[in-house]
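Protein chains: 2
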Amino acid sequence: MSELCRLRGVLSPVLTPFKEDLSPDPVRYIEHCRWLLDSGVSLAVFGTNSEANSLSLSERQWLLDVLLEAGVPPSSLLPGTGCCSFPETVELSRKATAAGCAGVLVLPPFYYKNVSDEGLFNSYSEIVQRVGDARLRIYLYHIPPIAQVPISLGLIERLLKAYPVVIAGIKDSSGDWDNTDALLRNFQSEAFDVFCGSEVFLLRTLRGGGAGCITATGNVNPAAIVELYRTWREAGADGKQAALTKTRGCFETLPMIASMKSCIAWKRKVAEWATVRPPLVRVSAEKAEGLQKLLDADGFAMPGV
Amino acid sequence: MSELCRLRGVLSPVLTPFKEDLSPDPVRYIEHCRWLLDSGVSLAVFGTNSEANSLSLSERQWLLDVLLEAGVPPSSLLPGTGCCSFPETVELSRKATAAGCAGVLVLPPFYYKNVSDEGLFNSYSEIVQRVGDARLRIYLYHIPPIAQVPISLGLIERLLKAYPVVIAGIKDSSGDWDNTDALLRNFQSEAFDVFCGSEVFLLRTLRGGGAGCITATGNVNPAAIVELYRTWREAGADGKQAALTKTRGCFETLPMIASMKSCIAWKRKVAEWATVRPPLVRVSAEKAEGLQKLLDADGFAMPGV
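Those protein sequences? They're chains A and B, same order as listed. Under my numbering, the first residue of the first sequence carries the number -14, and numbering increases by one thereafter. Under my numbering, the first residue of the second sequence carries the number -14, and numbering increases by one thereafter.
Hints in this document: simulated from the structure, not taken from any laboratory. Hints may be right or wrong, so weigh each one.
Since the list gives no way to pick one copy over another, a pair counts as held whenever it fits inside one copy or between any two copies.
Below 27 Å or equal to it, Euclidean Cα-Cα: the simulated DSS-like pairs (lysine-lysine) are [said to hold, decoys possible]:
#	residue 1	residue 2
1	LYS231	LYS98
2	LYS98	LYS272
3	LYS4	LYS98
4	LYS231	LYS254
So here's chain A without its partners, still in its complex pose:
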C-alpha cells in the first residue's frame, strides 16, 4: 500500500438504510455512499452510527461486497471490523484488506469489562498476526462512552512498538478534547494519524497536526464539514467551525442515529429511511417535526439530495 493513499480528511460512519422488514437496503446504501463520496467524504462503513453492531458478520460481508461490486473505490473505504470475538474480527479484516480497503477501524473486544492493557494488546496482536497481510492498516477505535473499554496511551505505545506501519491511526470518540490533545502530542513523530470522532473538534485537531475527523454528521452535513477541512488554514475557519458545531447541536437534541435517519427520510422523501434496528427506536413524527424546524431555522441543506 502506497502511503500516498493514506487516509486523511473527513470520513463518516455510513448510516445503514433498512427496509421496513429490517433488512439492509442495498440500493439506498449505494445511493447514500455515492452522495457522500461526491460530497468529499470517505466511507467508514460499519461504524457505531452505521448500527454495525446490530448487523451480523455475514450482513457486513455482504454489504461490503455490494459496495465493491457497485464500483465504490476500496481506497475510500475504512470498514469497522471490530467484533467481540477475534475470529470474527480477523475474518472481516482479512476480507477488507484483501479487497484493497484503505484500512480497518477496529474496536477493542467490548463485552468483557475492566480488562487489562495486556489483554487488549494480545487481542490486537492476534488480529495482526492472523490477518497476516502486509497491506493491513489498523485504525484503533477509542469510544469509551459506548464500548466501555478504553484504549490507553500506554496500549497505543506498546502496539506502535510491536506493529509500526500496521497500527496506522486512531479515531478518538471519547468526546474528551484532553485525550485527543494527548494523542496528538504523544504520537506526533510516528506514522500514526489522529482523527477526532466529531467535527466539533475538527479545527482543533487539524491545528494540532491531526489527520481529520470521522464523524456521524458527515452523513447529513458532509459538504460544510469538508469545506472546513479544505480551508482550515484560511481566514474564517473559526466561523465555519462555529457553524458546524451549531448544526451538529440540532441533531444532538435527539438520539443521533435515529435523528440523522429521520432527517434523510425527510430530505429524500423516503419514509423508510427512518427505520432503525432494535435496540434503537425511530424518532416519533412529532419529534421529527421539531428537528425539521430546528434545522430550517439553522439554514440547513443537503445539496445534491
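Fit chain B to the given chain A structure using the hints.
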C-alpha cells in the same frame, strides 16, 4: 415442551477449554460437561464465564453440535445465544430450540448503551417472532456489571404480557440481592423462574421461591452447590451456604474465569486448561500457587476429577 423438564436447580456457564493455539478443545469440553452432569449440574454453555463472547457464531454452533453428537441430553442444555445483532441471536436460538435444548439464555443487545425499554422489548420481540418455534423458552440474562444494559422489572412485565410461556425466566447476575428479591416478589404468580447468578445467593433465592442458580463456580465446586440445592429445607443449610460462600471467595481473589481455569489445570494436571482467549489473560504461576494454597486451606476438592 413438557413443563416437566422445566429447568431447576444448579446450572453452570460451562468453561470453554482452549488449546495453546486458542482453538476450542472439543475433547476436553465433552469431558468437562460430562463431569458437570455427573455432579448434578446442568449446562448453561456459552455464558459470560464460558468466554462465549470471545467465540464466533460459527464456533458456538460447532460446539453445540459437538455436545449433541457426544450424547449430551439437550434437556440439560441452556445455551447462551444473545449476540449484539438480532439475526445472530435468532440463528443460534433457532438451532438450540430445534435441537430440543431446555431453553436459551439471552443477553440484551449490549453494544449500544442507554437504550430504552421499548428498544429492548422490540429486540426480544424480533427474536421470539423470527425464531418462530413454539418450543422456544427464553431466559433473560440480566448482568449490568458486564453488559451495561440492564433488564428492568418494567421490561419483564411487558415481555411476560406479550409472550407468556416463551419468556420462561431470568438469570440475575446483578450481584444485587435487592434486585433478585424484587424479581421473586413481583413475578411469583407467573410461570417465570428466577435464578440467581451466584451460589452466594442460592439459599436466599430458594427460600424466596426461586428456581436455583446459574453460577460460574459450578465449574469447580459443583457437588457442594448441588448438595445445598438438594437439602436446603433441612437443618444445616445455613452452614452449607456459608461454606459455599467461603469457597467462592477463594476464586474471587483473582479474575474469575482465569482463576477457575487455573484450578482445573491444577486438579486435572493439564496445563493447557489454563488457556484463555484475549482480552482475558491467564493467571501467573505465582498467583496460581497462591490460589492453590487458599483452596487447600479451605479443604477444597473436585471429586471425580
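Taking the hints in turn, this is what the structure says about them:
1. LYS231 / LYS98: between (35 Å within a copy, 25 Å between copies)
2. LYS98 / LYS272: between (35 Å within a copy, 21 Å between copies)
3. LYS4 / LYS98: between (34 Å within a copy, 24 Å between copies)
4. LYS231 / LYS254: Answer is within; shortest intra-copy Cα gap is 24 Å, inter-copy 64 Å.
In this structure, every one of the numbered hints holds.
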